[in-house]
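> Kindly produce the complete structure, drawing on both the sequences and the hints.
So you can see what is in the structure, the chains are spelled out below.
2 protein chains.
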Amino acid sequence: MSKKEIWIDEIHKYTRYGIRGQLLIEKKSKFQDIKILKTKAYGNALMLNNCWMTCDENEKYYHECLVHPALTSSNNISNILIIGGGDGGTARECLKYKEVQNIDLVEIDEEVLFLSKKYLTSIGEKVWSDKRLSTNICDGFTWIKNIKTNYYDVVIIDCSDPSEFSNELFTLEFYRECKRVLKFDGIFATQSESPESFMPIHIEMCKSIKKIFMRSATMYGFVPFYPSGIWSWTFASNNENQFLKTHYKDVKSIEDSCEIWNLNYQEGSFKMLPNKLAKLI
Amino acid sequence: MSKKEIWIDEIHKYTRYGIRGQLLIEKKSKFQDIKILKTKAYGNALMLNNCWMTCDENEKYYHECLVHPALTSSNNISNILIIGGGDGGTARECLKYKEVQNIDLVEIDEEVLFLSKKYLTSIGEKVWSDKRLSTNICDGFTWIKNIKTNYYDVVIIDCSDPSEFSNELFTLEFYRECKRVLKFDGIFATQSESPESFMPIHIEMCKSIKKIFMRSATMYGFVPFYPSGIWSWTFASNNENQFLKTHYKDVKSIEDSCEIWNLNYQEGSFKMLPNKLAKLI
Numbered sequence: 005m006s007k008k009e010i011w012i013d014e015i016h017k018y019t020r021y022g023i024r025g026q027l028l029i030e031k032k033s034k035f036q037d038i039k040i041l042k043t044k045a046y047g048n049a050l051m052l053n054n055c056w057m058t059c060d061e062n063e064k065y066y067h068e069c070l071v072h073p074a075l076t077s078s079n080n081i082s083n084i085l086i087i088g089g090g091d092g093g094t095a096r097e098c099l100k101y102k103e104v105q106n107i108d109l110v111e112i113d114e115e116v117l118f119l120s121k122k123y124l125t126s127i128g129e130k131v132w133s134d135k136r137l138s139t140n141i142c143d144g145f146t147w148i149k150n151i152k153t154n155y156y157d158v159v160i161i162d163c164s165d166p167s168e169f170s171n172e173l174f175t176l177e178f179y180r181e182c183k184r185v186l187k188f189d190g191i192f193a194t195q196s197e198s199p200e201s202f203m204p205i206h207i208e209m210c211k212s213i214k215k216i217f218m219r220s221a222t223m224y225g226f227v228p229f230y231p232s233g234i235w236s237w238t239f240a241s242n243n244e245n246q247f248l249k250t251h252y253k254d255v256k257s258i259e260d261s262c263e264i265w266n267l268n269y270q271e272g273s274f275k276m277l278p279n280k281l282a283k284l285i
Numbered sequence: 005m006s007k008k009e010i011w012i013d014e015i016h017k018y019t020r021y022g023i024r025g026q027l028l029i030e031k032k033s034k035f036q037d038i039k040i041l042k043t044k045a046y047g048n049a050l051m052l053n054n055c056w057m058t059c060d061e062n063e064k065y066y067h068e069c070l071v072h073p074a075l076t077s078s079n080n081i082s083n084i085l086i087i088g089g090g091d092g093g094t095a096r097e098c099l100k101y102k103e104v105q106n107i108d109l110v111e112i113d114e115e116v117l118f119l120s121k122k123y124l125t126s127i128g129e130k131v132w133s134d135k136r137l138s139t140n141i142c143d144g145f146t147w148i149k150n151i152k153t154n155y156y157d158v159v160i161i162d163c164s165d166p167s168e169f170s171n172e173l174f175t176l177e178f179y180r181e182c183k184r185v186l187k188f189d190g191i192f193a194t195q196s197e198s199p200e201s202f203m204p205i206h207i208e209m210c211k212s213i214k215k216i217f218m219r220s221a222t223m224y225g226f227v228p229f230y231p232s233g234i235w236s237w238t239f240a241s242n243n244e245n246q247f248l249k250t251h252y253k254d255v256k257s258i259e260d261s262c263e264i265w266n267l268n269y270q271e272g273s274f275k276m277l278p279n280k281l282a283k284l285i
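Here the protein sequences come in this chain order: A and B. Adding 4 to a residue's 1-based position in the first sequence gives its number in our numbering. Adding 4 to a residue's 1-based position in the second sequence gives its number in our numbering.
None of these hints come from the bench; they were simulated from the model. Check the hints yourself; a few may be wrong.
No copy is singled out in the list; a pair is fine if it fits within one copy or between any two copies.
Claimed, not checked - Taking lysine to any residue and the SDA-like style, the derived pairs with C-alpha atoms no more than 25 Å apart in a straight line are: (1) 249 to 267; (2) 249 to 271; (3) 100 to 283; (4) 256 to 280; (5) 214 to 79; (6) 17 to 39; (7) 17 to 32; (8) 44 to 279; (9) 8 to 22; (10) 215 to 245; (11) 34 to 14; (12) 280 to 248; (13) 152 to 140; (14) 130 to 280; (15) 211 to 176; (16) 283 to 60; (17) 64 to 274; (18) 44 to 15; (19) 280 to 125; (20) 130 to 142; (21) 64 to 20; (22) 256 to 282; (23) 42 to 15; (24) 249 to 268; (25) 42 to 203.
Below is the structure:
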């Protein structure tokens with residue numbers, strides 16, 4: 005495609021966040037518009053339905069915070085489900101743990117997987133050839149309905165913002181299924197949108213997850229690549245605040261492998277609830 | 005000026021953060037370009053030298069975090085210096101404390117003060133008529149050089165990003181003056197830029213402040229209105245981590261008056277140092 009540099013913006017009503025670069029890919033899959041921009045700011049960047057999703061050089065703020073609070077706190081981590089996560093970043097963080105034996109990655113859009121493998125190579129790195137990872141083209145709701153009860157140690161939802169094809173992943177019924185397929189002492193983790201740019205969805209998600217699981221809590225942190233810069237990740241379990249207790253014996257090696265996350269950062273992140281949000285959740 | 009809605013962007017090399025609105029003011033003062041945009045996203049928004057500075061409806065993330073860690077931890081808060089802060093937000097937060105008897109607000113640019121009083125009324129609120137506030141049109145460096153030693157209880161730097169006319173506010177010599185005019189148990193507070201969008205300046209500031217004061221620490225938090233969304237505030241003292249100890253007896257009433265800040269948020273914010281930054285500071 006064109007080698008000319010252009011601005012591509014994610015627009016939220018009256019604000020926009022733009023990145024300048026060369027458009028490598030612009031296509032329509034069965035589910036969404038896909039763009040890949042080659043940028044000097046962040047390497048290659050993926051946009052789905054006009055929202056920035058991920059990029060080579062600024063994705064660790066997001067992926068590390070989605071994975072490590074769950075994997076360092078779960079009693080067992082051998083069998084993991086990732087719904088979404090077609091760029092491979094979430095799987096990459098999970099595969100750092102030698103105790104992980106199986107990951108079912110369930111991505112609805114084949115094109116996202118294909119293009120991520122080809123253009124976002126520094127995100128997926130070597131995950132695609134790791135024998136512990138099984139990739140499945142399927143919608144997350146259908147997949148989880150067909151899984152037996154108490155099957156996974158950790159369930160991670162790494163989906164895009166709500167849209168016609170992903171709306172089901174934001175329902176009480178879906179969270180109930182997540183709880184069902186989790187082992188009793190398992191951990192549920194989900195990206196939970198921006199409390200600024202997507203405040204109503206964020207609040208709804210927090211409330212819904214709270215209804216289904218015995219305990220839940222939200223981390224607020226930085227994703228400079230997303231509009232507003234604030235993002236959130238919500239964790240839940242059926243054990244007393246399981247997700248706040250670090251069990252993993254070699255947590256130091258995980259911290260050392262991370263660009264952003266460490267236990268102190270995580271602890272801070274669970275505290276960063278602005279007053280105005282506390283009143284609404 | 006024009007009632008047509010336009011996009012105005014803050015551009016950082018290959019990224020941009022834009023807001024849509026009607027341009028109310030566009031002028032050049034002695035020191036800088038000034039724009040005020042009437043926006044549906046954030047109310048009236050102030051841009052200086054093409055950088056977003058503040059806006060009616062998203063400024064509390066910034067001002068509350070600059071003021072309350074300092075004022076709740078200082079033994080005395082009767083006499084305060086604010087350098088910059090022409091929009092009135094920092095003074096407004098300080099004036100919540102009935103123990104504050106005098107604030108010297110030192111703003112270099114008369115136009116910023118004038119336009120803030122006229123167009124950013126929800127930021128300054130009633131501060132301009134509060135008898136405890138004295139506004140002075142003067143550059144911060146000249147002002148502080150003429151102040152006697154051990155004069156202020158709290159010194160707050162609320163300046164814009166480094167530029168030809170503000171560069172002096174980022175030097176060792178300036179921080180040395182701040183230390184000199186502070187009482188021995190006083191607190192120094194400064195905005196310290198974005199560790200993403202202005203990383204080299206941020207790192208330099210942290211290192212310089214550390215050189216001059218006995219103790220210093222940096223809070224990382226959200227300012228959705230600024231590019232990257234991450235901002236930082238650095239606090240320093242000549243007493244053993246003075247700024248981490250909350251002395252103020254009625255801290256609950258301050259928390260209740262805030263939209264974002266509370267002690268828990270502050271505690272989290274001091275922990276949110278990403279690994280990659282920890283290695284550089």
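> Looking back at the hints listed earlier, which ones does the structure fail to meet?
When the structure is compared with the hints, none of them turns out to be violated.
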